[in-house]
Amino acid sequence: MTRLTRTALAAAGLAVFLAVWEALPRLGLLNETLVPPPSAIPAAFLREVRSGAWLAAVLSSLSHYLTGLAVGAGLGVGLGILSGMFRLFEDVTAWIVRLLRPIPGLAWVPFAIIWFGVEPAAAVFIIAIGVFWIVFFATQGAIRGVDRDMIEVAQAFGFRSAFARLVKILLPAATPGILVGVRTALGQAWMAVVAAEIFGVYGVGQRMMQASSLLASDIVLVYMLTMAGLYGLIDAGFVALQNWLLRWRA
Amino acid sequence: MTATVERGAAPVVGIRGLSLTYERGGSRTEVLRNLDLAVHPGEFVAIVGESGVGKSTLLRVIMNLASPSAGTVTIHAPPDDGRAGGGRPESALVFQDARLLPWRSVLDNVTFGLEWRGVSRAERRRRGEAMLALVGLSELAARWPHQLSGGQRQRVSLARALAVEPAVLLMDEPFSALDSFTREGLQDELLRIRAATGRTVLFVTHDIDEAVYLADRVVVLAGQPAGIAAEIRVDTAQPRRRADPVLSAFAHQLRLELSRRSSDL
Ligand SMILES: Nc1ncnc2c1ncn2[C@@H]1O[C@H](COP(=O)(O)OP(=O)(O)OP(=O)(O)O)[C@@H](O)[C@H]1O
Ligand SMILES: [Mg+2]
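The listed protein sequences correspond, in order, to chains A and B.
Residue numbering for the first sequence is 1 to 250, as defined by our numbering.
Residue numbering for the second sequence is 1001 to 1265, as defined by our numbering.
In short, the hints are calculated from the structure, not lab data.
Treat the hints with care, since some could be wrong.
A short list of chain A residues far from chain B (calculated; beta carbon distances all over 12 angstroms) [claimed, not checked]:
hint	residue
1	L34
2	R47
3	L66
4	A173
5	A236
Chain A regions said to be covered by chain B (calculated; three or more residues, Cβ under 8 angstroms) [to be verified]:
hint	segment
6	139–153
7	238–250
Just so you know, even glycine gets a beta-carbon here, dropped at the ideal spot from N, CA and C.
Required output: the full structure, derived from the provided sequences and hints.
This is the structure in structure tokens:
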């Protein structure tokens, strides 16, 4: 099938989906407060933007998202490298990892609030934990999976220190695997953003909870679609970066 | 022309009483026993031997990628070669499978071994480009390794090894994975480069005709554990003709040595 027909089919599918969604509340089959029709969304969106609430909520959420992602992915890559490179580090941490890893990220919410209060730092903390494990295991696996033959090349040219091995061989060779982990984390982190903000930290999640308590379901939808849009943008940006970083691959 | 081999001078590679035993999970395999070998400045020495006899192991020991159980390996670099960059190894290896680093461009692969303090970026680049020109791949400097043919990859690997100006160039069956047409082309290229640079070469192969065509001296590695079983000086000046009956005679002699050694076991 050509690219064009596939795009056309995808567009048609979406159009049908929107039409059915529009029809159900209009025909009175569904309560309009519970399921607002898509045609109501642009107006709700404009209202939200004009009041300034939209931009403030989105900026706040984005700053939680990016900070949490940076902290969680940074720690995940750093500790993943240590654990992938040094048996000793891996052995010492083996049971700690087993103990902490199964704890769902959201189970940290109580501590986040106790330690940081209902503040941005609490949201960052929750997001960072959600991201950390994914990136940690991806990095550890990628580092450990580097072909020994490649490491031998570095040794053959005299690069024998652990640091040289890391910079010359391990990191570049492990980059594809690490990036896969980070990309998964990009989606995971949005989940954590909403969760963290639902507990009251200012941002998109909190704004949705406010709207829902007022039964302003169209506003809730505005933010749901906002998140879908932001995620799409960020993911597309990341894929572009990934393709550039991995341009050496066949 | 014939390469000048200084007999009197200290050998570039001096191997004395070398033994190596691999130990793995309680089982021990002695691969090399009491091996002596000297490679002199400017000499081209080929090592032939059956698969699994320990040829790669010997190169790994010379490269200090494996440590011997007994014996010594000394590499004697000419004192006046003015090489920049401390820590740089004195030998360089061309692997059987090229082993280019796929995330580096061709040029950056060639300059890999020059990334030492004291070698400036510009100097690295200049040297890398010179080496690429030497192996005839200047056009491909910006390509990625996956965009090269097998023969081109092996040339880049050769350029990478030559770039560090090693006292001895080690080659581990570098052409054995290539088709015979490419292989013969690269053999001639290697001879040309060797004549131009005067490098000392230690070349491992299981191809007797290749050994005889390239080397000044062919060493037979045989036995289990392996030692030097025979040695032949190929007293014919370069350039040689592949079809030269004199070479065939040397090859025949080597085949006899090899088969005698393997029937001894
Ligand atoms: N890391 C290792 N641990 C244990 N045994 C090894 C190891 N590496 C090689 N060997 C064994 O040592 C012997 C010599 O291996 P080596 O790779 O040096 O052979 P080779 O002469 O280079 O063979 P080929 O021509 O097939 O490349 C073989 O029997 C091999 O199985
Ligand atoms: Mg081998």
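Inset, instruction - Check each numbered hint against the structure and report the violated ones by number, ascending. - result: Hint check: 4 fails alone, others pass.
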